[in-house]
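Place chain P on chain G using the hints.
Residue numbers (my numbering), protein chains in the order written: chain G, 225 to 384; chain P, 15 to 418.
Take the hints with a grain of salt, since some may be wrong.
Estimated spans, in silico, between C-beta atoms of each pair [unchecked claim]:
#1 H292/G <-> E293/P: 50 to 58 Å
#2 T335/G <-> S52/P: 38 to 46 Å
#3 K162/P <-> H292/G: 28 to 36 Å
#4 D284/P <-> H292/G: 41 to 49 Å
#5 F371/G <-> A383/P: 22 to 30 Å
#6 E381/G <-> S49/P: 24 to 32 Å
#7 D312/P <-> P293/G: 24 to 32 Å
#8 E169/P <-> E381/G: 55 to 63 Å
#9 V120/P <-> T335/G: 43 to 51 Å
#10 A354/P <-> P299/G: 36 to 44 Å
#11 P299/G <-> N97/P: 40 to 48 Å
#12 V382/G <-> L186/P: 48 to 56 Å
#13 F371/G <-> P282/P: 17 to 25 Å
#14 E318/P <-> H292/G: 17 to 25 Å
In case anyone wonders, no lab produced these hints; they're calculated from the structure.
Note that the coordinates shown come from a computational prediction; the quantities given were computed from them, not determined experimentally.
Even for Gly, the Cβ is constructed at its ideal location relative to N, Cα and C.
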Amino acid sequence: MAVAPRRNICSTRRKRRAPFRLLLVLGALVASCSGERQPGIYQDGQPVRPFTSTENNNYQVRWASQPHPIPINEPFEIVLDVLGPEADLTLEVDGWMPGHGHGMVRTPRVTPLGQGRYQVRGMLFHMEGAWELRVALAWREDQGDSFVIQRDNVVFEVQI
Amino acid sequence: MRIVASLTVLALAGGLASFGLRSETAGPQWQALRSQFSDQEWARLLRTADLPAPSDPTNKVFHDDAAFRLGRALFYEKRLSGNGELSCASCHDPARDWTDGKALAVGLAQVDKHTPSLWNSALNRWQFWDGRADSLWSQALQPIEHPKEMGGRREDVAELVLTDPDLRTLYLEAFGPAPQELGDPLTLERVFVQVGKALAAFEGRILTAATPFDQFVSGLRTGDPEDLAALDPRAIEGAKLFFGEARCHLCHHGPLLSDMEFHDIELPRDGAPEPARHEGVGRLLTDPFNGRGQHSDDVEAGRERLAYLNRTPHQRGEWKTPGLRNVARTAPYMHNGVYASLDEVLEHYSTLADAPTRSHADAKRVLEAGQFDDSQLQALKAFLQSLSSPPPPSELLPPLDPDS
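So here's chain G without its partners, still in its complex pose (with noise of 0.2 Å):
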C-alpha cells in the first residue's frame, strides 16, 4: 500500500484523555447500530462503505463523500469515521491521480466532528480517472520520559 505523501496535505488533532479511549470505538458502534443517519456517511440506511484497516492494522476507517457519487471538477466533502485506540491523533487526507503523477489542486481542510467522525472540505476531483484518497494518521506515543510519533495509513481507490 502506498505511503501517503507529505505534499498537499492538511491536517487537524484531536486530544482526549485516557479515560475516553474506549468512547472512540463505542461512540461510533452506538451510533452504527442505533440508525444514526449522519448526513454522508450513510444512504438509504446503510454506510455507503464498510470500515478498511489502516496498512499496519492500527485503525480503521470508512468513508462517505457528499454529494455522493463523487461529481468531476466540483466541490465536495467527505466524512470520515475512523475506530481505533484513542490517542492524541492527527489526520491528513489528499487525493492523488497514480496514472498522471499530480494530485489535487487543492489543500483540503480536516475537521474533527467528535466520535471518530472528521469533515473533510475542500476536496476537488478536477479530471476524470482513477484517483486515490489518501488518508494519513499521525499519533504521539509516550514511552517513559520520551515520545515517539506513530504513523499508519490507508489509501482507498476512487474511480471518477
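Frame of chain G, contents of chain P only:
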C-alpha cells in the same frame, strides 16, 4: 438465461430512460449513434450540455443592467489608457471573437502572453493564463494599469468616470451617488473597483450561444433526427476520438470543454519552465482586489474560493486549460501564441515533436503523443470547428462608433 435476458432488457430500457428517451421512441439514427460510443464516451458527451449561468457573489452589480451599460461604455473607452488610444476592445475585439488575432498581445508594448478570448470568461474558475485573479472584476483592473498594456492610472480612470457627463450619468445609474472628491485613497480605490465591477457586468454577458455540437448533443438526449444531423460523420468521428481514445477530455470536459485548472502540456520553450500557476497562486493570494479583500461584496464567498488553494513547485509550467467553444475562430493558440492554427495544435498533441525535455518524470503518464493519422487529425479538427457559436449579439457591440 431468461432472467439474464430480462435483466438485459431492463438495463437497456433504464439506460435509454436515463438519456431522456424511451426505447420505443429512439429512432434508428439514434440507435446507430448510440452504438458508436462507449458508455463512458456517451456520458462525457452528455456532460458538455447546459452551459451554466455565471454568477459572482463578490460583485453585487454583476447582473445589474445599469452596471452592464456602464461596463459596455468603459469596455470601448480609450481614455482609460495612458495614451488615450487603447481600450479593452483593442485586444478583445468583438469582431475577432474577443481576441486580437496576434500571437502575443500588443498594448503600449508587446506582452509575453497571447490574448485569451472573452467568450464565457465569466465561467472561468480563475482569470488570466496563470489564474492570478479570482473574479472578472479584479481581472479587469490589472490591464488598465499594466505599463505594457493600457498604462492607465486609477486616479485618471476614476476622475474620467466621475467627470465625463455620459460616463457620470451611467455611473450614477449603476452605483448611486458619487463621491465628491477622490483624495482619500480608499474612496479612489472604491471607484476604481466599481469600474472593474461594471466591466465584469458587461463581460459576464459574453456567453456563447448554442453550437452545432450542442444541437447534436441535444439530439443525443431527445432523439430528434434534425438535431442528430447537426454534425457530419467526420465531426462525429472527431467527437468520438476527443471523448475517447485521444483522451482530450481529460482536461477538456464539461460545458466549457475545460477543467478550468492548470497543466503543463509540454509546449516548446527555452530553458526551465516559467513560474506560471506557481506564481499565479502567490499573486492571487496577495491581490488586494481578491474576493476576500475589503472591496469584495461577499468576503465569505471570496474566502471560500481561496481557502483551499495550494502552491507547489509542480505548478511551474502549468497554464490554464482554455475553454474550446469558438476555438476554431480564435487563432493563434496557447498562452504564448506558439501555434498559428488548429492544425499545428493537433500536430503537437499528435507527435509532441517540439516538446521540451520532460519537466518531471511522471509527466509522460499524462501526455503521450497521440500519433493520429491524417484522417483522425481532420476528424478532430472538424469536431473543434463544430464548437463555433454565432457572433456576439448587438447589445455587446460598441454603443456608438468611438471614432465618430
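Which of the numbered hints are not met once you compare them with the structure shown? 1, 3, 5, 13
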